Amino acid sequence: MINATKKWIFLKVSSIILVPLMAWFIINLVSIYDKSYVDIVIFFSTQPSKFLTSFLMIVAFFYSSLSISEIFEDYIHDEKVKSVANKAITTFAIIIPLITIIIIFNLTT
Amino acid sequence: MSNNNPLSPHIQIYSWNISSLISISHRIIGVINIVALTLICLWIALLLLGETNYEYIKFFLQSFLGKFLILSLTWSFSFQILSEIRHLFWDFGYGFELITSKITGLIVIFGSIVLTILIYLYSKQIF
Numbered sequence: 001m002i003n004a005t006k007k008w009i010f011l012k013v014s015s016i017i018l019v020p021l022m023a024w025f026i027i028n029l030v031s032i033y034d035k036s037y038v039d040i041v042i043f044f045s046t047q048p049s050k051f052l053t054s055f056l057m058i059v060a061f062f063y064s065s066l067s068i069s070e071i072f073e074d075y076i077h078d079e080k081v082k083s084v085a086n087k088a089i090t091t092f093a094i095i096i097p098l099i100t101i102i103i104i105f106n107l108t109t
Numbered sequence: 110m111s112n113n114n115p116l117s118p119h120i121q122i123y124s125w126n127i128s129s130l131i132s133i134s135h136r137i138i139g140v141i142n143i144v145a146l147t148l149i150c151l152w153i154a155l156l157l158l159g160e161t162n163y164e165y166i167k168f169f170l171q172s173f174l175g176k177f178l179i180l181s182l183t184w185s186f187s188f189q190i191l192s193e194i195r196h197l198f199w200d201f202g203y204g205f206e207l208i209t210s211k212i213t214g215l216i217v218i219f220g221s222i223v224l225t226i227l228i229y230l231y232s233k234q235i236f
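Residue numbers (the working numbering), protein chains in the order written: chain A, 1 to 109; chain B, 110 to 236.
Hints in this document: simulated from the structure, not taken from any laboratory. A hint or two may mislead.
Footprint (simulated), chain B over chain A, 3 or more residues, beta carbon under 8 Å [to be verified]: (1) 12 to 19; (2) 29 to 42; (3) 64 to 75; (4) 98 to 105.
No experiment lies behind these values; they were computed from the predicted model shown. Heads up, the beta-carbon is just placed ideally off N, CA and C, and yes, glycines get one too.
With the rest of the complex left out, here is chain B (with noise of 0.2 Å):
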């Protein structure tokens, strides 16, 4: 049965601004993150092997790789909520004028940025 339903068109018709870039970006961060999750749950099942074996884990984990990894994992969830927020206040009605969506969409951009640093200090107690 062939199905008649509007496709959209492919991104590189489109000329950039904030919005485009960040509903593109919320996206293709969003099916990172699920990567990510899904490298963290095989992470979650390597400490079946074991303390011994978990060494070279621990090692990749420590390094500057990996805690670079961790940082931009911490970003990629930061702008994902943050975008998140901005999406679920479009539901309830709100922020659809241009200047305010322009406005928000800067927000998540630099807020991410901001978030990130925040929660990197927070949780290693660095306040």
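Same shape as in the complex, but just chain A (with noise of 0.2 Å):
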């Protein structure tokens, strides 16, 4: 299997997770945004909602990263620039999601 075959796949799978986590979090998020503190955390620390925020953001990220890089592909001519380019948001996308799990996993009231 080619790798743009491969890209394809990993896209279409996790756009499939993403639209009800979206909905999920989406739902939740405006209902608690306006929250106490106490409220907010315990919403992030107890389960489901713990696990279901951790997975959102590894499925989030990883499609970003995917679709962000078809916009690059599509619109940046120069391959250095390109190649540097893919590589800072494979960066983001996983640094950015492993530290917000570690911290909702740290959370305490």
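Reconstruct the complex from the two isolated chains, following the hints.
Here you go:
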């Protein structure tokens, strides 16, 4: 299987997972964003929101990394610039969810 | 090594229609949503600063600007959810006819506004 096909399959699988996760997250975000500190910490530090938020971050950043690299493929002409941009977005998509998950798993009221 | 892959022409070349509008909006809103998710990650990180310091963030989120940002985020998430479902239907081979494509494009635009209102009302337990 060529890389482009693998990338397309990863993109579509992550997209199928992302649709219900985004719907779940935005409904809960609107419910809690203006609540007290304790309410918000309880939300992020208890199950199933602890697991689902962590999972959302992994899938969303993975999906974004793939789709933004497609944008780079379409619009960046210089191969060196494209390579650096792809490496930067991949690093960003690994570091941000990783730090967030570590924080979520260390939250206590 | 030179790469002779064709590149997409830039967006100003195209004449606008529903499909192209949704296509470029899907990309722009996807980028906006990942920036928003990064800010949400920052918001989660700021919880580590403790309850006293969180009062400033709570004050901002309860302000008009804070509520406007959350409502805008609800719309951008709603838009991406509907647009993503439209793309998934295409991947299974449905909805390619010109008229169907225009109708589903309009559903994405107006449906995202309706979905935003429904999510907000449901989340705030207004109904």
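Next on the checklist: Of the numbered hints stated earlier in the document, which are not met by this structure?
Outcome noted: none
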